[in-house]
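Model the full assembly from the supplied sequences, consistent with the hints where possible.
These protein sequence lines are chains A and B, in that order.
Quick note: the first sequence, position 268, residue 268 per my numbering, numbers continuous.
Quick note: the second sequence, position 137, residue 137 per my numbering, numbers continuous.
Be careful, since some hints might not be right.
[Said to hold, decoys possible] Here are the simulated DMTMM-like pairs of lysine to aspartate or glutamate, each with C-alpha atoms no more than 25 Å apart in a straight line:
(1) A:LYS206 x B:GLU99
(2) A:LYS134 x B:ASP83
(3) A:LYS206 x A:ASP29
(4) A:LYS134 x B:ASP188
It should be emphasised that the hints constitute simulated quantities derived from the structure, not laboratory data.
All values derive from a computational prediction rather than experimental measurement.
In case you want the letters, here they are:
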Amino acid sequence: MDNANSPLQIRALDKFRGRTQVLHGIDLDIAPGERLALLGHNGAGKSTMIKAVLGLIRHEGGSIRICGAAPGSAAARAATAFLPEAVSFHPALTGHEQLALFARLSGERADIEGLLERVGLGEAMHRRIGAYSKGMRQRLGLAQVLLGRPKLALLDEPTSGLDPISRQDLYAIINELAEQGAAVLIASHALTEVEARTDRIAILRKGVKVADDTLAGLSAQAGLPVKLRVQASGAHTDRIATETGGRRINGASVEILCSPQQKMAELRKIAAMGDAVADIDMVPPRLEDLYRHYSGEDRK
Amino acid sequence: MRRAFAIARAEMLILRRNRWLFMATLIMLAFALALSFAGSAPTGTLGVDMLTVSVASMTTLSVYLAPLLALMMGFDAVAGDRDRGSLALLLAYPAGRAEILLGKLMAHLAALAVAMCIGFGAAGAVAAWFGGAGTESLMALGRLVLTSILLGAVFLVLGYALSALSSGATAAAGLSAGVWLVFVVLYDLGLLGAVVMDSGGVFTQKIFPWVMVANPADAFRLWNVAASESVALSSGMAGAASALPGWAAPLSLLLWPALGFLLACAAFRRVEP
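Right, here's the structure in full:
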């Protein structure tokens, strides 16, 4: 099932560092226009996997195909854009010169000024990179990702060092990339950020892919309890707690944990209590809970 | 090739920005001029024009300075980018590693060439103005500039290889200093010791000249000396030069940059950023 149109296809990828295996049989696909979040602790193998996809390091087993080409080949490099973690450049060059170098290397006739304006470096483009802040270097890194319409964009911790406004800009640009048909892989720690802004989530734990699905799919698989918080009216708190089997958390509220399947039954039960219930909040499991579940802290 | 030029262009900007080009030219100019004036005394006794003497002393100068300047530019080529963390990104672009090194080599070599031409050229002009110059001594000056650039190329590519092999820029700088010491100082001292021990035996007669010419720094000296009788006379190296065929020194000095470049590429290919 080799598909030349698939931007990224990884099969049974194994990578050793010395005698320790750092990636174990990873399978991963990204479709055109899809935004995939790759999550995992430090040292889980995210950066190693990205470097293997870029052809910067050799892998010992399995296969990687970028638009049907081998990693590190001319075709694969031309199709790929990369933003390294905490990107840096030669401090003596200006942002404009650095981006012009990248454009020449990729053989693109690019609108350098336009791109730099786009990432908010219009004012600083003729200043030396040595005088840039961390966030400005990150923006310059992002500008080079936009060069030449990549088919696959690999972003390693793209939001590290960015302020909240810049993060919003960054995700706007990522969405633009995806709309143009690029497959985007975002390796990240910032769970709350990627939660709403990616289409699919893969989680690595110690070099093993332990999850790979949409947020909803992951929730369903994990079977994590939904939290119902019921606010009692008057002195009915105790009654509600005993009838639902929930736990009183303060004078007027009861917290009930139930599986997604039981949720409706619980809600009906609560609704039947009539006036005793003043309000109800429903908290589905968040990515943080899911991440903790899949990355092992909750696993026996 | 287009990509190599793109790299060369950026490297050239960097050399100009961080004043490398300026400093290298200044160093060459200062030393060459100083030697030209200091070495103007023995012209009468040897019966050669002042430019010839000046070229002979500048040959000795270049043996030390060209490798030093080249290594100082070369050691940072790979290790600097890796230390900064910009190497991974550069290698993700569709430029081969040999292309990247070639681009850096072109820029660094151009910078060396500028420094050599200005430094030796100015000193030569001064010597010719005050002490006269003939066709032969002008040829010798041209040869000195060209061979100095070749010698620089040898140590540039050796610097790249060290840069790729070492764990960081600091280690690469240390290794470069060691390489300079071995090729420029210790190698000759060792040979001298061997010749003294051998006291005119088979080693001195047959092997010594070849071992000597295998070192690019000595090949540089021999080439400049062998090609011009009067330079040989004034530098006192005629003996070793006459024991070798004329092509030996040029071959060594041309082979070293090529082999060194291949070595540097091989070392660079093993780098995992």
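Here's how the hints hold up against the structure:
At most 25 Å may separate the alpha-carbon atoms for a hinted pair to count; LYS206 (chain A) and GLU99 (chain B) exceed this at roughly 36 Å. Of the pairs offered as hints, the one joining LYS134 (chain A) and ASP83 (chain B) holds, with about 17 Å between alpha carbons and a cut-off of 25 Å not exceeded. Taken as a hint, the LYS206 (chain A) and ASP29 (chain A) pair is honoured in the structure, with Cα atoms around 20 Å apart against an allowance of 25 Å. A hinted pair counts as satisfied when its Cα atoms are at most 25 Å apart, and LYS134 (chain A) with ASP188 (chain B) does not qualify at roughly 50 Å.
Violated hints for the displayed structure, listed by number in ascending order: 1 and 4.
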